[in-house]
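J.: These protein sequence lines are chains C and H, in that order.
The numbers in this note's numbering rise by one with no breaks, and the one at position 27 of the first sequence is 27.
The numbers in this note's numbering rise by one with no breaks, and the one at position 367 of the second sequence is 367.
Careful: at least some of the hints might be erroneous.
[As the list claims (entries may be wrong)] If you want the ones that stay clear, here's a sample from chain C, every Cβ over 12 Å from chain H, calculated:
1) Ile-30
2) Ala-50
3) Gln-96
4) Val-101
5) Ala-148
6) Phe-150
[Said to hold, decoys possible] Some chain H residues close to chain C (C-beta under 8 Å, calculated; not the full set):
7) Leu-104
8) Ser-151
9) Ile-171
10) Gly-172
11) Gly-447
12) Leu-460
No wet-lab data here; the hints were simulated from the structure.
Every residue, glycine too, gets a C-beta built ideally from N, C-alpha and C.
Given next are the chains, with one letter for each unit.
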Amino acid sequence: MALKLSIGQYWPGTSLLHRLDPRAKVACAILMMVSVFFIRSLAQLGFAWACALALVLVSRVPLRKVLSSIKPIVFMLTLLSVCNLLLVKTGDVLVQFGPLVITTGSAWAALLYPLRLVVAVIVAALLLLTTTPTELTDAFDAGLAPLARFGLPAHELAMVFSLMLRFIPTIADETQAILDAQTSRGGALAEGSPLRRVKAVVPVVVALLASSTRHANNLSRALDARCYVGGAARSHWHPLHMERRDWVALAMTAAYVGCLLALSLVG
Amino acid sequence: MQAGSNSSAACQGSSCSQSKTAVHGLTGACGTVAGAVCAGDTAAGAVCAGHDPLIALDDVTLRYGDDVTALSHVNLAVASGERICVLGANGSGKSTLASVIAGLLAPDEGTVSLVGRTVCRDGQPDFEAYGHARRKIGLVFQNPDDQIVTSIVEEDVAFGPENLCLPPDEIGRRVERELARVAMGDYARSDPSRLSGGQKQRVAIAGALAMEPEVLVLDEPGALLDVRGRRGIMRVMAGLRAQGTTIIHITHFMEEALAADRVLVMDHGRIMFDGGPPEVFSHCDELLALGLELPFTARLSAELRVHGFDVPWTCDDEELREALAPQCACTRAGHASAAEADGLPQERVPSDQTGRTTTTGGAPQGNPACTVERVSYSYNDDGGRRALEDISFGVSRGSSVAIVGQTGSGKSTLVRLLCALEVPDAGRIVVDGIDTARKRDRRLLHGRIGYVMQHPERQLFAETVLEDVAYGPRNMGLSPDEVRARCARALELVGLTGREDASPFTLSGGQQRLCAIAGVLAMEPKVLVLDEPMAGLDPHGRAQLEQILSDVLAAGTTSIRVTHSMDDAAKADQVIVLAQARLLMRGTPEEVYAPTHEAELHRAGLGLPAATRWALALGLDAAPLTMSALVRELSRTRAVAARLGSGLSDAAEGGDEHGA
Numbered sequence: 001m002a003l004k005l006s007i008g009q010y011w012p013g014t015s016l017l018h019r020l021d022p023r024a025k026v027a028c029a030i031l032m033m034v035s036v037f038f039i040r041s042l043a044q045l046g047f048a049w050a051c052a053l054a055l056v057l058v059s060r061v062p063l064r065k066v067l068s069s070i071k072p073i074v075f076m077l078t079l080l081s082v083c084n085l086l087l088v089k090t091g092d093v094l095v096q097f098g099p100l101v102i103t104t105g106s107a108w109a110a111l112l113y114p115l116r117l118v119v120a121v122i123v124a125a126l127l128l129l130t131t132t133p134t135e136l137t138d139a140f141d142a143g144l145a146p147l148a149r150f151g152l153p154a155h156e157l158a159m160v161f162s163l164m165l166r167f168i169p170t171i172a173d174e175t176q177a178i179l180d181a182q183t184s185r186g187g188a189l190a191e192g193s194p195l196r197r198v199k200a201v202v203p204v205v206v207a208l209l210a211s212s213t214r215h216a217n218n219l220s221r222a223l224d225a226r227c228y229v230g231g232a233a234r235s236h237w238h239p240l241h242m243e244r245r246d247w248v249a250l251a252m253t254a255a256y257v258g259c260l261l262a263l264s265l266v267g
Numbered sequence: 001m002q003a004g005s006n007s008s009a010a011c012q013g014s015s016c017s018q019s020k021t022a023v024h025g026l027t028g029a030c031g032t033v034a035g036a037v038c039a040g041d042t043a044a045g046a047v048c049a050g051h052d053p054l055i056a057l058d059d060v061t062l063r064y065g066d067d068v069t070a071l072s073h074v075n076l077a078v079a080s081g082e083r084i085c086v087l088g089a090n091g092s093g094k095s096t097l098a099s100v101i102a103g104l105l106a107p108d109e110g111t112v113s114l115v116g117r118t119v120c121r122d123g124q125p126d127f128e129a130y131g132h133a134r135r136k137i138g139l140v141f142q143n144p145d146d147q148i149v150t151s152i153v154e155e156d157v158a159f160g161p162e163n164l165c166l167p168p169d170e171i172g173r174r175v176e177r178e179l180a181r182v183a184m185g186d187y188a189r190s191d192p193s194r195l196s197g198g199q200k201q202r203v204a205i206a207g208a209l210a211m212e213p214e215v216l217v218l219d220e221p222g223a224l225l226d227v228r229g230r231r232g233i234m235r236v237m238a239g240l241r242a243q244g245t246t247i248i249h250i251t252h253f254m255e256e257a258l259a260a261d262r263v264l265v266m267d268h269g270r271i272m273f274d275g276g277p278p279e280v281f282s283h284c285d286e287l288l289a290l291g292l293e294l295p296f297t298a299r300l301s302a303e304l305r306v307h308g309f310d311v312p313w314t315c316d317d318e319e320l321r322e323a324l325a326p327q328c329a330c331t332r333a334g335h336a337s338a339a340e341a342d343g344l345p346q347e348r349v350p351s352d353q354t355g356r357t358t359t360t361g362g363a364p365q366g367n368p369a370c371t372v373e374r375v376s377y378s379y380n381d382d383g384g385r386r387a388l389e390d391i392s393f394g395v396s397r398g399s400s401v402a403i404v405g406q407t408g409s410g411k412s413t414l415v416r417l418l419c420a421l422e423v424p425d426a427g428r429i430v431v432d433g434i435d436t437a438r439k440r441d442r443r444l445l446h447g448r449i450g451y452v453m454q455h456p457e458r459q460l461f462a463e464t465v466l467e468d469v470a471y472g473p474r475n476m477g478l479s480p481d482e483v484r485a486r487c488a489r490a491l492e493l494v495g496l497t498g499r500e501d502a503s504p505f506t507l508s509g510g511q512q513r514l515c516a517i518a519g520v521l522a523m524e525p526k527v528l529v530l531d532e533p534m535a536g537l538d539p540h541g542r543a544q545l546e547q548i549l550s551d552v553l554a555a556g557t558t559s560i561r562v563t564h565s566m567d568d569a570a571k572a573d574q575v576i577v578l579a580q581a582r583l584l585m586r587g588t589p590e591e592v593y594a595p596t597h598e599a600e601l602h603r604a605g606l607g608l609p610a611a612t613r614w615a616l617a618l619g620l621d622a623a624p625l626t627m628s629a630l631v632r633e634l635s636r637t638r639a640v641a642a643r644l645g646s647g648l649s650d651a652a653e654g655g656d657e658h659g660a
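Next comes chain H alone, as it looks inside the complex:
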């Protein structure tokens, strides 16, 4: 792997980087597998003992047009039964790699063998071999809507087997088996357009599995799904792994990579790292430089080490927990009394809250940015199903609100009502002093509430970035000078200055989203409503957008954000939890994410932020919402434990220092 010579970092032994340099034919390919073994993978090593790799890419290069090199001298060997996870920023070549492995794209240079057939030799594709290989490879990708070809779930699962010309009774057996595997048996006769994203994606997986592929390629299957949807996909994958299906999983979620046998990290069309998850994630700085992040556990263990805890660096939950437990003897009683003795302010969590609690925390004082009073709404075409029922809350000026709830809980409806795109059946919504029900004020209102829809890049239409961003301000009837000034400010805010004359359709995915958001920001709304703004972005894109949104918030804009991420929601001033069209909880993140609410949040398809879950698992008394709060809490607990145990007061001081 000349190209990936950086991957010598992944392969710590010098001997193995030699075995990777040249791959000619199958013996050489086997050498590549050996390379993976020294990167810490025993499963691949066992396979290498006598079998050929299932998939082999030898010095593969693929270009789009003349100037975009999507894959550059990639060498890869995948053994049968491996579960591989591919990470990388947007544009790193992950999806192209998926297409090559799935047999949908032939490279310009190099040799590709798929499921035992050489389909492309030195850039010369053998289309017949490709046709045969594709029958053994399944592909599932991001948008489930685009993969389902009929309007009945079971007919869709049967589509692939029908193309393989299987006899009817065999098709029936497979449809039933695969729908049961993805837990969609009860929906066999349903219309896919009525299912949630997670359910649709499971149908798509069943459709791929019904062809009994030897390899299943999943290209960001969870990117558009909520927490529960992603969990379902991961469960299906674990089951498949146990049965020996080879899995290539491409994802932006680092936590998901931990379940893999082997992790590949891509950048600019090259494989930079190749090895077991702990091995790959130990290259913290390099990964961050590639626009990736580390799993929560890895970041936590690193942070704890900085704070003087005697824990190993690890990305394994269990290992870290075991290492931590003895250091902070987290007995609740001991901790509580000791903390008081310590004189430290305790984060008290109201523990008496149960059930449908509506707390007053985070409620607005004075002149609110937005109030929602006893609002109900139903869609008239769905047999009068209630989409929202008796929702009330207020948002104070300049604050941030997170709306959480699983698919179908009414989040999107609430957002449409807030943006005056729909009028409540009962109750009223007042935004910036204007009742949304008053039709003649609608225009005025649209100028004051900015609405960033899900996947806002879909709203792009103009010939240039500038024209698109100017659409909103122009509709407001502002003077040309003012429009120009606002567009310039908005583009600067999102970092697209200099791209004014580009076509928005030539921007990268992440930039398209920023351009669309600039179009809303240029209207300089008082209230910014965002519907899952992070969906589908890579870690770098998420961080970038997070920074932009915090700048907007700092400028005094009120922000209301629908999110799937409990960690994101925990950073808001107020959290609103919707479940089955009703307001389940409302309050500050501390109130909503109290450990006592765990079961209830779980029932609503949600959960606690990662830091809170850790604190709970370690038996801490407090409920920190962020990792730094968790580390602070652990330091204090350790200090207290040390003082109680041996009376070493200097240890306690050390702990406080680190906590500060």
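Chain C extracted, bound-state conformation:
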């Protein structure tokens, strides 16, 4: 299906990345993702890329799978790259093509910004590919737990997050089915003026909303039937324990960020 999204598409495995405590994993991933914004030199970019690729190897997730899950975002980043190329005007002029000017500054921006973001995207993709939604929810829960003291429904938010991951493929399939039905009834969803297109979306969006409401109603029945009570104590099949490898992972991530900063001093 054209609309199939790769968010939450867990890739079953037993690699080191799969076995990490989700809390440690999420913390490491967030550190790595934030640290891409320190990248300003070629050396840093190379180092970050090397580490990201090494992580892909460690995860034992097939490269094809990683690529397909980052593809949509890479496409957007390519657009960003083209914009940078055409709009940034700093540095020396390299090529001039009528009103189009490419400068050293714009070429560097077109390369650096998307490439460093791809590192973050790869890390995020690996996190989702090696962590089950339940684990993610647990990590999310643990991360928000301190805020629960101030009245934030941490666990409920985590549950909503998990259900969202679960229902993305279902809703995507349903969207496709409704799109098909309305298209075959002559709904012009991909042609005509922008106004026409916006109008043509109404039959799809309304039908989809009705359908999502139905899902929500049924889901609440299912949650009731399985004795889920918001805010009540639950046990965990796989209770979380930080082990040595989790602390090592955190330490290595800290070292990675340190190296990245050190390289910026060198560069």
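Please arrange chain H on chain C, whose structure you already have, making use of the hints.
T.: Just chain H now, kept in the frame of chain C:
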């Protein structure tokens, strides 16, 4: 059971209807079980000897809002270990009953006891008791997608036990045990959204069973599944019954009720019949009037009796077969020679066909409505998995085609290609003279092929029925007068005239489907493509839609229908069988459903129509596709046997007469 006084029909003894009238507390409830016993259930009787019922509903009434009464003075007692099947038309209150038994809905009036606790006394719910009772009751319902809460199969099964605060090693044991029970052990780490409907539903059952419920309530678990999926669910249920789990099974499939100990029939929120399956199904006319039907065996035995066969009325396969066997000595050799001597035209079935046969039967002559030539297609996101491979067939104008195949065989993809929603990778599809690959003709094509998707009610969006139906014709650019005329015709065809100004979302489930179909019919397509149009409908809804579709066909529209039902497929002019993205067989129903194909169809997750299966089991030489053909064939065989045996020629004439 004052309300269900009709159920005195189920309870033939007058003494037992007395015992049903008042149920106060547990002793009275036990009396209700006794009522069930006299309706023909020995299992319940044994239980009544000393135990309290597991579930007791005493004069329960439940309303939605002010005007909809979903349950009306219902009395019910379920003994531990019983397997109960609940039948009834849409809107009869079955699902509400399931919710009440599952402890999810409290009634407005009456007393409910669940697994030994009184959870609601005279309409006053005790929420704490409900909370405790729910821990002992599992619920599985129609749409498996809505019941699975995580993206990993085993994590989902663990969800319930986690809510019960069980220790981790106990959870692990239960997850493993229940996945093995529903034969999903190999899929423990899979993503549920990648599983078939039947597999998902089995995961949902495992999730309910992992909480070790004393009662399992299944609310139409097979409604959205294919034949194999339903068979799997029935197998799981039989295993549970053997282990003593109490089962409440709500279904639209009468055949499934035969496996139950006790059958309840509901109508307008009341229990109309309550008894063993043979007892309940003996009320043929009443059941038909309630919008239900009878199991195939029951209908067959009734039909045979009409035709003068000396068989008992029964819904038991074995019993009917044994009664039939001596009457038509169905030795193949004797039958074949005798039939020729009889001068009757014999339905010859090409018996030499084996394996991947593609017959020419049902192929179009002249100007076809639709041709598919060597079409292949693969989805690019799934590692290039082939969804269709080298498919060819033609459809002649005004004919009907059935596409069968189990989930994942490529049926839905084929339908999307036919409707020009996707273009084949190789080969071509021509519909009404237009190649679907030509983009600029796409709009024209959408006007000529009507596509009724699976669960078409999901496409409804407009504020009124009329607006929704008019969406297609308006998009075709027709004049307002023409649009109005077409909508009126389409609404009349589906029987929704007079509901033009209603919101489509306030219609009943069956009406919503008809409204969506009217939206497609209003475009007056030349070719109508339907993807499992009957899924989830009750017998009455199925019959109604069948009538509408046959009217459409009679008006000259070509119809292509994806179906799970071999009996429905047997009524088409041409049957196309898909298996693993390939065309397995194609031909007239007689050719495809030849007895020699049984093993191959079975491998493809399909089977033969019920009538053909019966003929095969009785050793008949012919392969009738419908019940009337089967009865005709049996009459002839009997006549021949009689003539060969004793030379009574008048018997033979009698047989012919009935066959005509």
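J.: Hint by hint, say whether it matches the structure.
T.: Taking the hints in turn, this is what the structure says about them:
1. Ile-30: At about 21 Å from chain H, Ile-30 (chain C) clears the 12 Å cut-off, so the statement holds.
2. Ala-50: holds, 28 Å
3. Gln-96: holds, 39 Å
4. Val-101: Consistent with the label, Val-101 (chain C) stays out of reach of chain H, its closest Cβ about 38 Å off (over 12 Å).
5. Ala-148: holds, 19 Å
6. Phe-150: For Phe-150 (chain C), whose nearest Cβ neighbour in chain H is about 26 Å away, the distance exceeds 12 Å, so it holds.
7. Leu-104: Hint on Leu-104 (chain H): holds, closest Cβ of chain C at ~5 Å, below 8 Å.
8. Ser-151: holds, 5 Å
9. Ile-171: holds, 4 Å
10. Gly-172: With Cβ-Cβ at 7 Å, under 8 Å, it holds.
11. Gly-447: Holds, because the Cβ-Cβ distance from Gly-447 (chain H) to chain C comes to roughly 6 Å (cut-off 8 Å).
12. Leu-460: Result: holds, 6 Å to nearest chain C Cβ.
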